[in-house]
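Kindly produce the complete structure, drawing on both the sequences and the hints.
The sequence shown: position 372 = 372 (UniProt numbering), numbered continuously.
Capping the alpha-carbon separation at 25 Å, the derived lysine-lysine pairs in BS3-like fashion look like this:
hint, residue 1, residue 2
1, LYS241, LYS59
2, LYS392, LYS312
3, LYS382, LYS312
4, LYS392, LYS382
It should be emphasised that the hints constitute simulated quantities derived from the structure, not laboratory data.
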Amino acid sequence: MPVVVLISLASDSPQLFDARNLEILSNTLALMVFTAGGAVLIGVPLALLTAYVRLPWGKFWLVLLASPLAIPSYIGAFTLYAAFGPGGEIEQLTGLTTPSFDGLFGSSVVMALYTYPFVMLTVRASLLSLDASLVYAARTLGMSLLGSLWSVVLPRITNGIAAGALLAAMYALSDFGTPAILGLDTFTRMIYVEYNSFGLSQAAMLSLQLLVIVGLILFLESRVKGTHERPGKSLTLWPGKLRTSAMLLASLPVIALSILLPLAVFCIWLWREGAGNFELVYAWNSAYAAFFAAIATVIFALPVAQAAISGKFGRLMERVSYLGFGVPGIVMGTALVYVGLQLSFLYQTLALLVLAYVMRFLPLAVGSIRSTSERLDPSLVKAARLLGASRKEAFRRITLPLSIRGIVAGAALVFLEVMRELPATLILSPLDFETLATYLWRVYEAGYFGQAAIPGLLLVVISALAMAIMFYGERWNQTDIIEEEPSLS
1 MPVVVLISLA SDSPQLFDAR NLEILSNTLA LMVFTAGGAV LIGVPLALLT AYVRLPWGKF
61 WLVLLASPLA IPSYIGAFTL YAAFGPGGEI EQLTGLTTPS FDGLFGSSVV MALYTYPFVM
121 LTVRASLLSL DASLVYAART LGMSLLGSLW SVVLPRITNG IAAGALLAAM YALSDFGTPA
181 ILGLDTFTRM IYVEYNSFGL SQAAMLSLQL LVIVGLILFL ESRVKGTHER PGKSLTLWPG
241 KLRTSAMLLA SLPVIALSIL LPLAVFCIWL WREGAGNFEL VYAWNSAYAA FFAAIATVIF
301 ALPVAQAAIS GKFGRLMERV SYLGFGVPGI VMGTALVYVG LQLSFLYQTL ALLVLAYVMR
361 FLPLAVGSIR STSERLDPSL VKAARLLGAS RKEAFRRITL PLSIRGIVAG AALVFLEVMR
421 ELPATLILSP LDFETLATYL WRVYEAGYFG QAAIPGLLLV VISALAMAIM FYGERWNQTD
481 IIEEEPSLS
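In structure tokens, the structure reads:
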């Protein structure tokens with residue numbers, strides 16, 4: 001539906017492509033490439049560190065290094081923009097003049113800092129699935145450790161690197177807050193500018209051009225296949241205390257810029273200016289909209305998840321639902337504005353905003369519910385059917401209660417993502433309906449940075465909850481080796 005609406009709107013655009021579009025396209029592609037490259041440069045070494053090196057408090061370091069994934073990138077962009085440059089927080093506190101953090105350079109650094117966990121986690125999963133016997137063989141034949149990692153391990157994890165890099169590229173394409181705050185003219189920023197200038201047709205044309213690039217990245221991502229090897233003993237490295245300390249120190253700049261600096265800036269603002277004009281109604285609005293979006297998304301996700309388990313048509317519907325997650329929030333908002341204009345009873349209502357959330361985050365709930373339902377013993381439902389229960393009764397009394405953990409987890413993930421969503425909320429929210437994310441944006445636009453402390457810290461706490469859910473249930477132990485005994489025939 002959004003694509004059809006955008007095509008209809010773009011037909012009124014005076015021109016398909018001009019010199020300004022070329023500049024926007026080059027900025028967007030440059031940001032995408034630099035983000036993916038930076039995420040790989042940071043993520044691959046950290047994946048090797050967390051997968052192979054025996055670290056003290058290993059779980060703590062893994063969670064800490066993956067934490068930037070859970071923090072909205074616009075929070076990092078906001079705080080880094082305020083901290084660096086003439087008159088920034090660093091200069092006010094220390095007197096040291098630092099370069100400005102904006103444009104393509106600043107946007108690329110911020111995006112790399114908040115997307116490298118995509119690469120780190122996918123590559124780490126690939127590393128843990130590899131059999132270390134080839135590395136041991138290379139070492140026995142005289143190859144150095146670095147040489148064996150480069151020649152033996154790296155070629156076997158290229159698919160994991162590619163998958164993580166494409167996820168980082170997708171995030172860079174769809175992100176609105178970072179380039180908007182740091183002054184880089186990308187598709188997402190210019191779509192919002194055109195929308196505010198009542199240029200809905202030009203905004204639709206830019207949205208379609210962005211969707212073409214997004215579709216290409218989605219296609220490339222679907223072609224990347226995981227590494228498949230017979231499970232074996234994972235490689236474990238035991239460096240000395242000095243080398244371990246050096247490795248951890250090398251990762252501290254990443255942690256400092258992506259986690260510690262934003263928290264420090266928010267705490268300084270809170271200490272200096274207090275609560276400012278912040279009202280608890282903003283947090284209530286965020287929770288209110290997120291709650292209804294989570295309930296509605298779960299209601300739609302239940303039949304999709306059950307159908308995906310049952311047959312090919314259901315799996316097709318599941319794949320179709322993932323397209324909504326690939327559509328950037330700014331594009332989804334632009335399309336639904338037109339729908340609201342045509343259906344006046346929906347325009348600037350909470351119902352239209354919740355609809356956008358459902359379309360965007362439906363795959364999160366579908367994936368969670370399906371993964372839980374697939375592990376259920378099908379014999380329970382078959383037994384109920386043999387005892388005379390209808391399909392509806394068997395679902396209500398057996399499948400639904402046993403799937404409740406997946407339902408709750410899916411609803412929680414949707415709730416947390418909606419709380420952080422910025423572009424769709426900016427475009428579609430009702431009048432005088434401010435959320436934590438939109439209030440943070442208004443504060444940035446007005447230049448009252450100190451008033452962003454409480455909403456920023458609240459969003460960081462909410463993001464920490466998202467990280468806890470993501471890591472809940474992960475098996476920390478390495479894969480056990482299962483040896484098959486020969487059977488007697």
